[in-house]
Amino acid sequence: MTQPSRDIRAAAEDLLLSVRDVTKHFPIKEGALQRVVGQVRAVDGVSFDIRRGETLGLVGESGCGKSTLGRVVAGLSNATSGAVYYELSAADAARLDAPAADRTATQSAEIARIEAAHRIDHLRGESAIRFRRNCQMVFQDSFASLNPRHLVIDIVGRPLRVYREASGSDLTERVVALLEQVGLGRQHLYRYPHQFSGGQRQRVSIARALALDPALIVLDEPTSALDVSVQAQILNLLSDLQRDRNLAYLFVTHDLSVVRHMADRLVTMYLGRVVEAGPTRDIFDRAEHPYTRALMAAKPDLADGAAGMRALEGVVPDPARPPQGCRFHTRCEVATPACGWEVDDVVRWLEHRDGLFDALTGVARDSAFAARLTFADAAAARRLDAALRSDAVPAAMRAAIYRQELRGPTLDLAFGRVPEVTLTPRGPDHAAACLLTAQEP
Amino acid sequence: MLDTSPQAAAIAEVRDLRVHFDTKRGRLHSVDGVSFDIRDGETLGLVGETGCGKSVTGRAFLRLIQTPPGIIAGGSIAYRPQEICPTCTGAGCGACGQSGRRPEERTIDLLRIPDEEMRRLRGDRIAMIFQDPGKALNPTLPIGAQVAEVFLQHRSAEVLAKAQLSGAVGWAGGALRRMATQTDTRTDRIALAFPGARARRSALQSALDDMVAAALAETQIANPRAVMRRYPHELSGGMRQRVMIAQALACNPDLLIADEPTTALDVTVQARILELIRALQQRRRTSVLYISHDLSLVRRVCDRVAVMYAGRIVEIGEAEALFRDPRHPYTRGLLAAVPTAAAERGALAAIPGTVPELVNPPAACRFAGRCSARIGTCTTADPALQEISPVHSVACFLHQTEGAPG
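Taken in order, these protein sequences are the chains called A and B. The first sequence begins at 1 in my numbering and counts up one residue at a time. The second sequence begins at 1001 in my numbering and counts up one residue at a time.
Chain B on its own, in the form it takes in the complex (with noise of 0.2 Å):
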């Protein structure tokens, strides 16, 4: 069904994802059978409108959907966390193909797991940059203590190692761990501004702190010390969105969601903030789900694109492959509602209509209602996605063969 070489292996698998909202209206389906493949190192992206249930599917990966009212209806996401390569300790081998990472031996439904393992997948091995970095960051908190969270987070033996404080035994041992895991209490932080302990606990801090400022550097902020004093509102939108990068990438995931991460920057900043993500995803070979609804952006930033309509793929493919020739009529309408210099002004190839309620949809295609194309099948059934080309594939009758499924 999906067009997946045998030697490019995935990270992630989705099935038949559904997560539905409980409204007063009925039951939402916000995202109603998606099914795709995120590759190993390479930059997916999903492109759609408001409401078609992008951020949604980017979500489930990560569990961030309140229930109720959301509701994890069916599917699975397998994931396949990966480690550093034995061989060359993540410098890159033959025998990781360069990556430094191998994937391990087990899979993990990321739908099905114990929220305690959830926790500690989530900012460690598969991160999430958010659309608006001034919603996102703590505003009551130094951006140096906010990026420090997630060491104590989820690298607390790393930070207690480089302040040579592993070994530290007694009644400030157990203080300075709990510090490290940022399980400490009152009486801890009273304990450990006790003269003996002080020493200890300022090499744990800048120990924390050399790791706050690498991260910081990694993402080309220049001063990064400084920066770690500062409050999230005293910086500028692109420097916030590198402070959530810096976050984002501080424990090395192997899989990013990056959820419309330049939206609310300028331009300018804009085209910085992706040349950092693409950069920064190249060196280390992370695989990025890349979700924005500007389809020009998408067209320079990913290897591969999938198109969502009202809670469904309809058109999946290679970037080159899906700009050069798309198939499905609404990513046709799409393509041809953004305004270029060769539109004639007033004469916008607009997509009439709005998108469908997602309450109790029928069994047809969603967009039928939208199409200019439309047949007899397209409102009596429902198109799955099938193969045009090894890289490309599309749900709509239109292009369906005979003998196809659905």
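Extracted from the complex, chain A is given alone in its bound form (with noise of 0.2 Å):
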């Protein structure tokens, strides 16, 4: 890292970019009169903080919400709930964290003030415009993501036509400036998009991020379509471009190798919430949360000698119905009765069993964590029974239904109820939301 140093508290005070509890839903509409029958809760209520000059990882599978939270964070979607803040002082944040229950009547008109001056989608005017100067993107395909029938002049030069800077030759110079910074030429001035190689493209995406000289640009998964030599060439000068402008960069990635050598700190989603969040040494050091650690088993380092890859059980699920308690119970290797199980996950189980599923009429929900299953016949419903009583279920799951009866076809399933796990310190700017781990010393 270029300052291994750094004081992380110290840096504290400059936050750059605040995103408090934000959630990002989006509907799912059924019918004729497209009526909405749920939500996709893409991302679900996720804070963090990046300050200046800072490299802040974004990791996790692919539907785990980082790329929606990456959009959210640049002001290119309205969260939900929840808000991202442009340039909190310590006080101001300090001030917006403490617990909303108990706030007088001078300390809620002073949150409306935070409001008005910092929340991105409350910024009006003058400070609007400094926001979206100052945070720009930089996407993952940049085929799409450049205009085809423009020429790079046209691409690399439109913000600052925008935002008025330059006109006439003066633009033209400043273009050639930008491109020059990174690693392309005034001989490029004049093509269009399709005539550069991904690299060459991604180089002219990035030129067009830097012309309004931001305090931040989210990178979302940049070098993901890239080869591995070009990647490496667009990570040395994403490096350069932040040690020389001072630039923070939110690095949305799903590739862990990249994200160790470029992030300072590292955030890990999984189905829209943060699981572990902490300076990535100490991540990549001592993982607390088991789906960081899985994330990093399947994706050993080239350098890790010949450890095997060990692969993660199960698929993601459905985040319109996301699991109670800890929302990667149902992978997890280490899951305990505590960490969540419901009726839901009887029911997913019941999907990979043949006859069985479809022997299933009807599940009457008490809450997620009491139901009723009614079978077709009896003899499914004992099925069920005895394998919820046998090894063919995880034992963590088994232990976590404390009612089970079996009445003819009907089985009456009631686990213990668990609330969400929150994320608890584990050291320095180090925190994670597993139960396991949180109460070792």
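Treat the hints with care, as some may be off.
Stated by the list, open to error - Now the in silico label distances, taken between C-beta atoms and shown as ranges:
#1 A/Asp385 / B/Pro1195: 37 to 45 Å
#2 B/Asn1138 / A/Arg35: 30 to 38 Å
#3 A/Arg321 / B/Glu1105: 53 to 61 Å
#4 A/Val363 / B/Thr1023: 55 to 63 Å
#5 A/Ala144 / B/Arg1120: 54 to 62 Å
#6 A/Gly125 / B/Gln1066: 55 to 63 Å
#7 B/Glu1117 / A/Asp385: 51 to 59 Å
#8 B/Lys1135 / A/Ala112: 50 to 58 Å
#9 B/Arg1112 / A/Ala395: 57 to 65 Å
I should point out that these hints are in silico values taken from the structure, not numbers from a laboratory. Just so we're clear, the structure is a prediction, and the values are computed from it rather than from any experiment. Note that CB positions come from ideal geometry on N, CA and C, so glycine has one too.
With the hints as a guide, bring both chains together as one complex.
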């Protein structure tokens, strides 16, 4: 790392961007009337800070909400609830983070002032322009994010023209200077995007993002479409630019080896929630959440000798019905009975059993944790009853069932009620959302 | 020229393969003189960057290159088909080296056989897994029908035997036979809907469904019967890739071409798919040509590795030897470019420049323009692969010994 001795708490004085409890839900519409029948919880209550000049890595599997969150941070889509704040002072951040319940009138007025001055979707006029200039984005697919009918000079010069920074020959010179910064040159000014290779197109995207001299660039998988030697060029370029301009990056990626190389701090997301956050080195040395560990084991570093790959069982559950408790418990190797086992886990398990799922005729839920399952015939109910008492299901799930009553073709099930697992501190600036490691000293 | 030890028989020998493409700018030498062996039962990795010709090489095995614009300009792929070992009937015995298969006497040149014969080999003896299962599966057909196609094309007799319809006679027999080979006509379908034939048609269908379900179950798809009724868009990427693998392995092929099978998948899913391919390959002793751009993956999956650059193989050797001691400057550059924990930020060893234009390339080392260790000969002569140890060959003048050709 370029600045290994950077004191994280000292830098905390200067928050560039603060994400507070952001959710982004997408409605599921059905039928001719497009009635809303559910919500895909793409991002579901995420908070973190980005400090000036640092790189924050955001990792997770596809569908975990990391790209959606990147778009919300860049102001490209509005959060369903929660907010993103720009340039909060430490004092204002503390005021925002104080519990909302016992606010006095003056405190509430204070909050309103902070919201008007810093919340990115409440910004107006000058301050809105200031935020948009300072927060730029680079997309994964450089081909789709550059207009194929525009020349490079139009693409890179556009922000300068929109913000009335330059025009005429001055504009050309500014664009040339930007292109030179990203390793291209004057000869590329009058070319179309399709005339470039993938790496060069990504350089054009970066030049465009740099045009207004931003403080933060959201990089959404900037190198995943590139070859490894080109990826190295782009990563070097990004590091150099960061050093020269004190840029902050939000680096959204699924590639752990890239994030390990680039990021100062890391946020791991799973199904719309943060499961672990902390300094990159700490997390790679001592990951506290089983999901982070599983991600690392699935893609070992080239240098990690012949360490075998360990695969992760199962698939990501439906984000429209995220699991209770810890969202990762359905795939977790070390899940305990207290991790949030619920009726849906039984139903999900049934889907993979030939015959049993087809025999299931109804699920009457009292809550997520208690329900009556009705089968077409008593034999199927008996089979499930027996299976739930055997090794066919995970031991932790078996232990979590506290009531299991078989009455003819129906089976009553009840699990212990478990609240959502929240992030708990694990070390300086390091937090994880796991019951297991929290109990350790 | 190659490190072929005499005892390890090769299932396929590629010699001087040249595949060119006609483009507006001229003739593109996409694959230009590639030679390697795929040994019996091994996994050979073919790595390189975009446009180096690795996929074209893989596709040449099945002649999946559109001509024109493609031109198979030269070379040969000698393939030795295998048959079930007559001593143990596939169980594995001393006579066939526990593989359950033994090479047939004949050798086929895959680039010269007639189209009909190629069609019989495709999906049966040589199978392919494509990069993007979303594109390779037909979105308008349920999964079951797509896997069944493999059996109907290559295992019609077996399907009929399983349904105990081998001896079916009369008009219904003919119609059933045509149904089992996917050559049924509209009249056949109407005929088979009549009460007399309907039972036999459903017997055929259920025999087919059994085979499909077994093939899907092989790739650890839970509840294969439910998956058979689904359409590709209803499945996750990992499931789709499992379906592709089930299709590819349905006929127990001798040679599997895996073209970046996990690139479109998440890392966690990728590990599972690789485990699956590895387990199936070891159990069936299938030889695999594993095409990938991911070095850390290839290192873990392959027995031997060939590194391709600009239509040529620049280095080939046993994975362990090659990764421990890479000799070609390009291989070294590729390995150094992978971000690791140890590398300082901003100081990744990127290879300067870009892949050269492959239209009428000069007779020189293709990497010379980007190579930091370039010497005089590099721009005037073309290096050939040369052995540096019995398990490791490299095409570079820096490692050429005296009196070597080229």
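Hints, verified against the model:
The hinted window of 37 to 45 Å between A/Asp385 and B/Pro1195 holds, with their beta carbons roughly 42 Å apart. One distance hint, 30 to 38 Å for the beta-carbon pair B/Asn1138 and A/Arg35, holds here, with the actual separation near 32 Å. Distance hint check: the CB atoms of A/Arg321 and B/Glu1105 are about 60 Å apart, consistent with the given range 53 to 61 Å. A beta carbon spacing of about 59 Å between A/Val363 and B/Thr1023 agrees with the range 55 to 63 Å that was offered as a hint.
Checking the proposed 54 to 62 Å range against A/Ala144 and B/Arg1120 shows it is violated: the Cβ atoms sit about 41 Å from each other. The hinted window of 55 to 63 Å between A/Gly125 and B/Gln1066 holds, with their beta carbons roughly 58 Å apart. Range check, B/Glu1117 to A/Asp385: about 57 Å between beta-carbon atoms, so the 51 to 59 Å window is met. At roughly 52 Å, the beta carbons of B/Lys1135 and A/Ala112 sit within the given window of 50 to 58 Å.
Evaluation of the 57 to 65 Å hint for B/Arg1112 and A/Ala395 yields a pass: the beta carbon distance comes to about 60 Å.
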